[in-house]
Amino acid sequence: MKIFILIFIIFFVSIIVTLKLIRSPEPNRDSERLIERSDSGKYETGNYMYKDDGETNDGQVKEVGIDNRKLMAFAKAFVEVQSYMNRVGSGASYKETKKIVKKHGLSVEDYTRIATLMNENPNFRNKVQKMIDEIIPHIPL
Numbered sequence: 001m002k003i004f005i006l007i008f009i010i011f012f013v014s015i016i017v018t019l020k021l022i023r024s025p026e027p028n029r030d031s032e033r034l035i036e037r038s039d040s041g042k043y044e045t046g047n048y049m050y051k052d053d054g055e056t057n058d059g060q061v062k063e064v065g066i067d068n069r070k071l072m073a074f075a076k077a078f079v080e081v082q083s084y085m086n087r088v089g090s091g092a093s094y095k096e097t098k099k100i101v102k103k104h105g106l107s108v109e110d111y112t113r114i115a116t117l118m119n120e121n122p123n124f125r126n127k128v129q130k131m132i133d134e135i136i137p138h139i140p141l
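For reference, each letter of the sequence shown is one residue, going 1 to 141 in full-length UniProt numbering.
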């Protein structure tokens, strides 16, 4: 009887988890954190399918289809998202971060793609980090 109850509980939990995964219109809280602090060098992006190392064999950054205008928009959105996340802490809302990203003219996919490239390519990360560093002094406190 105990085994039957244990199997029933496992089956019930697996059905609930499956239904939540199928019906979930937005990512769960773990994948909502788009990026960590700008000085950490780590950029968490969730499960994005884009894969490109962004480097040529000689270590130079190759063109990845992202113009400087988009990179500057990313840098501004990144700084504002970080400010928001630092302000509200664990109560950060995916909808609010999405709103911030869209305010700067980027889709969430573009934002995530750039953050993924930063994670994968140190040269690209340095280029974007310089843009972020240029923006930070101009932010009103």
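Treat the hints as calculated values from the structure; they're not laboratory data.
Check before you lean on any hint, since a few could be wrong.
As the list claims (entries may be wrong) - Quick list of the computed label-pair ranges, beta carbon to beta carbon:
| no. | residue 1 | residue 2 | range |
| --- | --- | --- | --- |
| 1 | 94 | 133 | 23 to 29 Å |
| 2 | 130 | 18 | 54 to 60 Å |
| 3 | 99 | 122 | 27 to 33 Å |
| 4 | 15 | 109 | 42 to 48 Å |
| 5 | 10 | 127 | 47 to 53 Å |
| 6 | 133 | 16 | 42 to 48 Å |
| 7 | 15 | 68 | 55 to 61 Å |
| 8 | 94 | 134 | 55 to 61 Å |
| 9 | 1 | 94 | 42 to 48 Å |
| 10 | 103 | 137 | 55 to 61 Å |
| 11 | 18 | 122 | 15 to 21 Å |
| 12 | 108 | 4 | 43 to 49 Å |
A virtual CB, placed ideally from N, CA and C, is assigned to each residue, including glycine.
Hints and how they fare:
1. 94 - 133: 23 to 29 Å: Once the Cβ atoms are compared, 27 Å apart, the range 23 to 29 Å for residue 133 and residue 94 holds.
2. 130 - 18: 54 to 60 Å: This hint is violated: roughly 45 Å between Cβ atoms.
3. 99 - 122: 27 to 33 Å: holds, 31 Å
4. 15 - 109: 42 to 48 Å: This hint is violated: roughly 31 Å between Cβ atoms.
5. 10 - 127: 47 to 53 Å: Since the Cβ atoms of residue 10 and residue 127 sit about 49 Å apart, the hinted range of 47 to 53 Å holds.
6. 133 - 16: 42 to 48 Å: About 46 Å separates the Cβ atoms of residue 133 and residue 16, which means 42 to 48 Å holds.
7. 15 - 68: 55 to 61 Å: violated, 49 Å
8. 94 - 134: 55 to 61 Å: The hint (55 to 61 Å, Cβ to Cβ) is violated, given that residue 94 and residue 134 are roughly 28 Å apart.
9. 1 - 94: 42 to 48 Å: holds, 43 Å
10. 103 - 137: 55 to 61 Å: violated, 21 Å
11. 18 - 122: 15 to 21 Å: violated, 39 Å
12. 108 - 4: 43 to 49 Å: This hint holds: roughly 45 Å between Cβ atoms.
The structure fails hints 2, 4, 7, 8, 10 and 11 (numbered hints given earlier, in ascending order).
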